[in-house]
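Engineer: Protein chains in written order, with the numbering used here: chain A, 22 to 346; chain B, 1336 to 1583.
Any given hint could be a false lead.
[To be verified] List of simulated lysine-lysine pairs, DSSO-like, C-alpha gap at most 27 Å:
| id | chain 1 | residue 1 | chain 2 | residue 2 |
| --- | --- | --- | --- | --- |
| 1 | A | Lys-210 | B | Lys-1581 |
| 2 | B | Lys-1337 | B | Lys-1479 |
| 3 | A | Lys-312 | B | Lys-1479 |
[Said to hold, decoys possible] With the Cβ distance kept under 7 Å, some of the chain A side facing chain B (calculated, not the full set):
| id | residue |
| --- | --- |
| 4 | Val-196 |
| 5 | His-268 |
| 6 | Thr-282 |
| 7 | Tyr-304 |
[What the hints assert, rightly or not] With beta-carbon atoms standing in for the labels, derived distance ranges:
| id | chain 1 | residue 1 | chain 2 | residue 2 | range |
| --- | --- | --- | --- | --- | --- |
| 8 | A | Leu-212 | B | Glu-1579 | 17 to 27 Å |
| 9 | A | Arg-170 | B | Arg-1383 | 37 to 47 Å |
| 10 | B | Thr-1360 | A | Asn-195 | 21 to 31 Å |
The set of hints was computed from the structure by calculation and includes no laboratory data.
By construction, the Cβ of each residue, glycine as well, lies at the ideal position given by its N, Cα and C atoms.
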Amino acid sequence: MKILAFVEQREGKFRKSAFEVSRTARNLADQLGGDSVGVVVGSAVEAIGEELGGFGIERVLAVDDPRLRQYSSTAYARIVEAIARREEAEILLAAASAMGKDLMPRVAVKLDAGVAMDCTSLRVENGEVIATRPVYAGKALVDVRINSRVKVFTLRPNVFTAGVNNGKRARVENVAVELGDSDFGSRVKELHRASGRPDVTEAQIIVSGGRGLKGPENFHLIEELADVLGAAVGASRAVVDAGWRPHDEQVGQTGKTVSPTLYIACGISGAVQHLAGMSSSRYIVAINKDKEAPIFQVADYGIVGDVFEILPALTKELKNLLGKE
Amino acid sequence: MKIVVCINHVPDTETRVTIAQDGKTIDKTKVNYILNPYDEFAIEECLRLKEKFGGNVIAISLGGDAHKETLRKALAMGVDRAILLRDDSTRDSFAVAKALAEAIKDLAPDIIFFGKQSIDYDDAQVGTLVAEMLALPSVSVVVKLEITDGKATAQREIEGGHEIVEVSLPAVFTAQKGLNEPRYPSLRGIMAAKSKPIEERPALSVSSKVEVLAMRKPPAKSPGRIVGADASAVPELVRLLHEEAKVV
Chain A
22 MKILAFVEQR
32 EGKFRKSAFE
42 VSRTARNLAD
52 QLGGDSVGVV
62 VGSAVEAIGE
72 ELGGFGIERV
82 LAVDDPRLRQ
92 YSSTAYARIV
102 EAIARREEAE
112 ILLAAASAMG
122 KDLMPRVAVK
132 LDAGVAMDCT
142 SLRVENGEVI
152 ATRPVYAGKA
162 LVDVRINSRV
172 KVFTLRPNVF
182 TAGVNNGKRA
192 RVENVAVELG
202 DSDFGSRVKE
212 LHRASGRPDV
222 TEAQIIVSGG
232 RGLKGPENFH
242 LIEELADVLG
252 AAVGASRAVV
262 DAGWRPHDEQ
272 VGQTGKTVSP
282 TLYIACGISG
292 AVQHLAGMSS
302 SRYIVAINKD
312 KEAPIFQVAD
322 YGIVGDVFEI
332 LPALTKELKN
342 LLGKE
Chain B
1336 MKIVVCINHV
1346 PDTETRVTIA
1356 QDGKTIDKTK
1366 VNYILNPYDE
1376 FAIEECLRLK
1386 EKFGGNVIAI
1396 SLGGDAHKET
1406 LRKALAMGVD
1416 RAILLRDDST
1426 RDSFAVAKAL
1436 AEAIKDLAPD
1446 IIFFGKQSID
1456 YDDAQVGTLV
1466 AEMLALPSVS
1476 VVVKLEITDG
1486 KATAQREIEG
1496 GHEIVEVSLP
1506 AVFTAQKGLN
1516 EPRYPSLRGI
1526 MAAKSKPIEE
1536 RPALSVSSKV
1546 EVLAMRKPPA
1556 KSPGRIVGAD
1566 ASAVPELVRL
1576 LHEEAKVV
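Model the full assembly from the supplied sequences, consistent with the hints where possible.
Structural biologist: Have a look at this one:
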């Protein structure tokens, strides 16, 4: 059985999720008795493909075309379909990233496959892959099985382990897929990068602020702590709806569901919809002056106190520890 | 301009989930249902396009009788027609998309809008599945949209930034929070919606590809410890994060 791993790159660099997807493909191949094959699409990507060898992929198919420098859902879908057919792949893996979620449904329709989206674990039972995925923003989990011959799984970033890069090099084959202008029905013209901070869905650490910050002018306290830790900045729905912070920082049911290693909730009381979005974080720190706040029910460590006093002290203490001045 | 918006009826965000007897779905008793929040942004965008370019907006929802409530809300916001694709079974995103695509095909719209995901199954794929089934271009997770001369320029949210995507119409879009500020239905709109008909037709029967075997609650997190009550607790917190949790 062949397992195809669509590995995501932007601007010639693999995303961390590419390694998570590669390693998971390898693990599945080992359990099912098959091969894992990487697929990388873009412009001048042949050279980077071999790095996937360090994460368990022996053979990488590279589709290299200047027109593919920016993402195009329609063209990328044609390519992944063509390769899946050529390789007779039965399982396709990709990250449940902005690109993976946009691309894989198209690929699935072409291959008459079902998609299990945003999986947080995959296991093999009696030769079948059973996927676990959160629903209701993490308030419940479902185990699902895909009953079509070809199966597509997208993996939540930051959840599957990429393991250690063992330094092996993959064999990269350049593959041609014919593309006409009509294949570029939807095409990215430009890419805009926001702040230099990581995105909440990919960050190892998130520092999140809520109404307890009292106003947008006080969020520098959150940003300063985030920057010491190399963390992403998150926000509660209340402060996003109030216009204090941009929508892409919102954590919770109508925002992002996140699973960082460390989540620091500052001045966030912990509404049901917020807890749903962040409870699967490995460690949770809560700083809130109300000791009855529901956030303390899920926190590993809590300080009942004033964020305006505690945040600067915490930033300073961590600066000392990490040697950043 | 002919516009279609596909909407869903979902448990509200305050819902505390308990698992039903069947072990595969949530217990629906005492659950308050709402129009899917992302679909509100989709409806609003469609109404703004109609106000700018003329035409009409048709809302479609696939499900049982309860979905009429959500279709009424869309009518109250200003949608012109509402269609219920009646289906009382449980189906996966593929089977939902197939039935929607079949219904949309006959309407031949210029623009088809969805919310970026329903907040129940969080599958985030129906809009894009429909686009592929209808062989149309699409942009998902849209936070800004401009339409000129049969072309759309959409801004979509990606990790740590935005992509500017160009597509020709007809096309499919899925709405992300931030696209607009949805209007509240006016009293006149609410009254008018009561007398507007909801067209009903059976949803195309399609078998699902993804089967739910079991649903369960995530393991409960036990509350941890309160380290202290003011800034004097900070050194101890940092020590715990560094030495015990080993996360900094």
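Engineer: Would you mind marking each hint as holding or not holding in the structure?
Structural biologist: Checked hints:
no. : hint                               : in the structure
1   : A/Lys-210 - B/Lys-1581             : violated (42 Å)
2   : B/Lys-1337 - B/Lys-1479            : holds (20 Å)
3   : A/Lys-312 - B/Lys-1479             : violated (41 Å)
4   : Val-196                            : violated (22 Å)
5   : His-268                            : holds (4 Å)
6   : Thr-282                            : holds (5 Å)
7   : Tyr-304                            : holds (5 Å)
8   : A/Leu-212 - B/Glu-1579: 17 to 27 Å : violated (41 Å)
9   : A/Arg-170 - B/Arg-1383: 37 to 47 Å : holds (43 Å)
10  : B/Thr-1360 - A/Asn-195: 21 to 31 Å : violated (48 Å)
In summary, the numbered hints that this structure violates are 1, 3, 4, 8 and 10.
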